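*Asks:* Below, each chain spelled out in residue letters.
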Amino acid sequence: MSSRLHSPARADRREFLKGAGAAAVSALTIGFEWAGPSPAMAAGGATTLPPFAPNAFVRIGADDSVTVISKHIEMGQGSYTGLATILAEELDADWAQVRVESAPADATRYANLVFGKIQGTGGSSAMANSWAQLRDAGAKARAMLLTAAANRWRVPVSELTVDKGVIFHAGSKRQATFGSLVKAASALPVPATVQLKNPESFTLIGHLPPRVDVPAKCDGTAQFTIDVEMPGMLVALLKRPPLFGATVKSFDASAAGQVPGVVKVVQVPGGIAVLAKSFWAAKQARDALQIEWDDSKAEKRSSAALMEEYRRLADQPALSARKDGDVQKALGAATHRISASYEFPYLAHAPMEPLDAVVKLDAHGCEIWTGDQFQTLDQANAAHTAGLDPQQVIIHTLYAGGSFGRRANVYSDYIVEAVSIAKAYGADGTPIKLQWTREDDIHGGLYRPMYFHKLEAGLNAQGELTGWHHVIVGQSIMAGGAFAGMIKDGVDPTSVEGAATLAYSIPNIAVDLSTTTTGVPVLWWRVVGSSHTTFAVETFIDEVAHAAGVDAFSFRRKLLEHEPRMKAVLELAADKAGWGSPLPKGRGRGIAVGEAFKTLVAQVAEVSVDETGAIKVERVVCAVDCGIAINPDIIRAQMEGGIGFGLGAAMYSAITLIDGRVEQSNFNDYRVLRMNEMPQVEVHIVPSAVDPTGVGEPGVAPIGPAVANAIFAATGKRLHVFPFFKGGAEAS
Amino acid sequence: MATTFQLNGKSTTLDADPNMPMLWALREVAGLHGTKFGCGMALCGACTIHLDGQAVRSCVLPLASVANRQVTTIEGLQSPQAKAVQAAWISLQVPQCGYCQSGQIMSATALLEKNAAPTDADIDAAMSGNICRCGTYTRIRAAIHAAAKPKA
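Protein chains in written order, with the numbering used here: chain A, 1 to 732; chain B, 1001 to 1152.
Calculated directly from the structure, the hints in this document are not laboratory data. Computed from a predicted structure; not experimentally measured. In this text, a Cβ means the ideal position worked out from N, Cα and C, and glycines have one as well. Check each hint, because a few of them may be wrong.
[Claimed, not checked] Sample of chain B residues facing chain A (criterion: CB under 10 Å; computed from the structure):
(1) Ile1090
(2) Gln1096
(3) Ile1131
(4) Arg1139
(5) Ile1140
[Stated by the list, open to error] To spell it out: a stretch of chain A is covered by chain B in this simulated footprint if at least three of its residues, at any positions, have a beta carbon under 8 Å from a beta carbon of chain B; those stretches are:
(6) 211–218
(7) 393–401
Sequences and hints are given; from them, build the entire structure.
*Replies:* Listed below in structure tokens is the structure:
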């Protein structure tokens, strides 16, 4: 089995189109909502889809190959395998013959049904929004192949069976492979409705089909954007302003132009770009640029000053994101009041593949190769930059070397940069690869916003939690962008998710939001709002339980009587972790639970503290309920990885500003988790018959609070500021 | 200026700036794309290659410094240890985004070529220079142990 990323980068376009035409003759494509050839195809775009089948999710070749077309990017989360599993299950395909190909950018066929009319990947929605769609697509393809076989053999469809891509007629001992039926099936109408499988007969879903992308990722052949090469291609590096909001006042490129291999230096809205024949030449030339910046409109505040302002704002009136009962009255009547505040820094996504995009722009169109996470917005932004119609922008989505949200931004920053450079270069069709460096990435903004949280709770004389007041201060991710319409009554849902959606049964709850504005561009970062709200909620509930003198697990459990799924994951994690069993001296256990994107995750962390005070997270037990487990091994992998990602942020990561300048520059000072800091992880999946939800993000949320609560159990010290260890050097 | 060295077992001459880091010489001059750029400062390990059998970060290694030496990249892995590592990586489904995995596999292979049965501490020491943002560390550790086990 292989995942074949189509790589027009290496093919002559005419040959490529010829190939696509040949494929059209010998492939059955199942589509629905037939809407005629897409504009992108009419424009002569290089796409492997046969022209007679625009709305395709599956293509079956005469060679028996089953190609699943993925509308979602594969950036590590396992989407290619998960989507192929859903479709192949209903098709009864042979997994060994299944390959996955990236869909072109075309929202008419490939919209994310959770987003509406936008093609894109995010919010852990790939499986949830494709579940019904791809089951239907697979089942309809199967039905057409069965009809083709029944017609050929003149037997009723009901007498046929399918196993691993082969159709059998037991009575006449005849059999036919899918490939042999392609031509006949292509002539049949697509059935209007089709019977889906009973989950009890699943052979792929819930089993362990291996990932389609793994072999190529173990021998260096997987193709990422950085690997795209074309004849005559230039590499571009962009010198961006050192302060957010600064612009170029003047520049001198004479030294840069002297570097061998440099072809041109151009000014674009984002800064000064160097185009060269190699990265190394472009890098040296960029270092040689002399630029005077206009800082007059730039953000010049320090993050410490911003946090000071946020602290003050937390005591000012704010907008209500949730109001149950009368929290002030409840707090006033409480016999015991508990309060705490929490601070969260800006965070960079820092995916391993620094941002990059290859652009080929001429007067007729724009072709883009990149790890594209938001095709529709990127298409629109690229078109706007180039002065083209969106339909003239063709996007080839490649594997992304991580993203964690960074490539899903409504500004399409890195793509707009690449297109603007191609435009400034002359829009003559020269392929241009924009390559960011790690320093560009760490300095580049679009961070997870900085937040301040203030919480107060009240216990009555019986030790019951009667009031909960949560104030959040920070920037809005959605404000000013394509998703601003989702802001309701001034409240950005991504600022308060995980807090306003508090699952605990408390009679009086108030969640308030104070939205700030700074010149620092912000963006969603893996698990979005829950990356901070779950920490505040889950460490504070721990403090409240402690104040009430009740075990942290039991206290939560009692407040979740009306949340059976969340209660069940909490119980499963506690049970598997041996909650309550004695631990050696110097060890502590902490628990946390959270919901994100309708997936429930609970984690129990076990930490050790040595005589020097050095802390190590030894073991994490994770329970997850994501509905039907499409691929349990990928679910486990996402929980393991989410724990590593979240733990690194909790312990070490921060972007800080001094007078507007980002202090960090690379992995030496923007610390992320490393091998020696990774705990053992055990993942338990709750069996479920509910439609599947996502797993890419939810595993990130509970790890920070679980560890902080474990550190409290081991040391008696509460942690209120992210990251726990500043500067990395103190890290153990 | 030309630099001659053994690249994946074959004598190779690259005509490029002798100060060019090997990472870019491999990627842009030799056309081998398996070795990845992650940080440019030997902080993340995505660019790990073998120089005379040692795992080194090619992003800070000048082309000139490999003259007459043996360079191995992910494309040229041949040793039994390397094959065992790659098989274990597949069997335990290690990669997620996969971008760092060439470097991880190069570091793991170099470790096993020197140490047939590494302990967890040995793995920490050899592998902590290789960052994986997807957090595949638990599987990397398990895969190294699996690759180290003598075949039945």
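*Asks:* If a hint holds in the structure, say so; if it does not, say that too.
*Replies:* Evaluated hints:
1. Against a cut-off of 10 Å between C-beta atoms, the interface hint on isoleucine 1090/B holds, since the closest Cβ of chain A lies about 6 Å away.
2. With 10 Å as the threshold, the beta carbon of glutamine 1096/B comes within range of chain A, its nearest partner Cβ sitting at about 3 Å, so the hint holds.
3. Annotation: interface hint on isoleucine 1131/B holds; nearest CB of chain A at approximately 6 Å, less than 10 Å.
4. A cut of 10 Å between beta carbons decides the hint on arginine 1139/B: the least distance to chain A is about 7 Å, and the hint holds.
5. Taking 10 Å as the C-beta contact cut-off toward chain A, the hint placing isoleucine 1140/B at the interface holds, the least distance being around 7 Å.
6. Under the rule that three or more residues need a Cβ within less than 8 Å of chain B, the assignment of the region 211–218 of chain A holds, with 7 such residues.
7. Three residues within the 8 Å Cβ limit are the bar, and the region 393–401 of chain A against chain B gives 3, so the coverage statement holds.
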